[in-house]
Amino acid sequence: MASDIGGRKRNKSRIPSDTPALDPRLAEALRRTEADPGDTSRWNDLEEISGELQLPESVAALFLTVLEGPRGTELADDLGQRAVRFHEEWFGDDPAPLIELLHVLLKLDPSLDWAFERLTLLLSVGQRWPELLELYDETLARLKDGQQ
Numbered sequence: 587m588a589s590d591i592g593g594r595k596r597n598k599s600r601i602p603s604d605t606p607a608l609d610p611r612l613a614e615a616l617r618r619t620e621a622d623p624g625d626t627s628r629w630n631d632l633e634e635i636s637g638e639l640q641l642p643e644s645v646a647a648l649f650l651t652v653l654e655g656p657r658g659t660e661l662a663d664d665l666g667q668r669a670v671r672f673h674e675e676w677f678g679d680d681p682a683p684l685i686e687l688l689h690v691l692l693k694l695d696p697s698l699d700w701a702f703e704r705l706t707l708l709l710s711v712g713q714r715w716p717e718l719l720e721l722y723d724e725t726l727a728r729l730k731d732g733q734q
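Plus 586 on top of the position in the sequence shown (first one is 1) and you've got this note's numbering.
Hints in this document: simulated from the structure, not taken from any laboratory.
Take the hints with a grain of salt, since some may be wrong.
[To be verified] The following label-pair restraints were derived from C-beta to C-beta distances:
no., residue 1, residue 2, range
1, 627, 711, 17 to 25 Å
2, 697, 609, 17 to 25 Å
3, 678, 639, 12 to 20 Å
4, 639, 719, 35 to 43 Å
5, 610, 663, 30 to 38 Å
Where a beta carbon is used, it is the ideal one built from N, C-alpha and C, also for glycine.
My request is simple: use the sequences and hints to build the entire structure.
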């Protein structure tokens, strides 16, 4: 299933927690965190286990799955900031996953100024001018329509 993110299509990422290749501790932590994504202690445990195993991709995928899920808007600010820190730590050399995450966050809650500022910085530094201009156009359209 594809979703529209920042004018681009992407397939929803979902790491199956019952994949035989996953460490059982990681699989269980993924299941527990997905079941209650508002519980910060579960995210702490999950991030610790994925760090020990050097498997950040499954955590990054879960951040997107949760944010695109039914509680995404409710969790966007706090969980979004956590996800950004996680992406910066693990994927700092590749801005693409962080850019995608920030697009998701702004789609959920356009009033997240910190996400807008971070995204404009990444797009400017990466000289991704068409995407930056599209972001500005979307923001101006929202302002014109009376949205924040």
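I'd like to know which numbered hints this structure contradicts. Please list them from smallest to largest.
Of the numbered hints, 1 and 2 do not hold.
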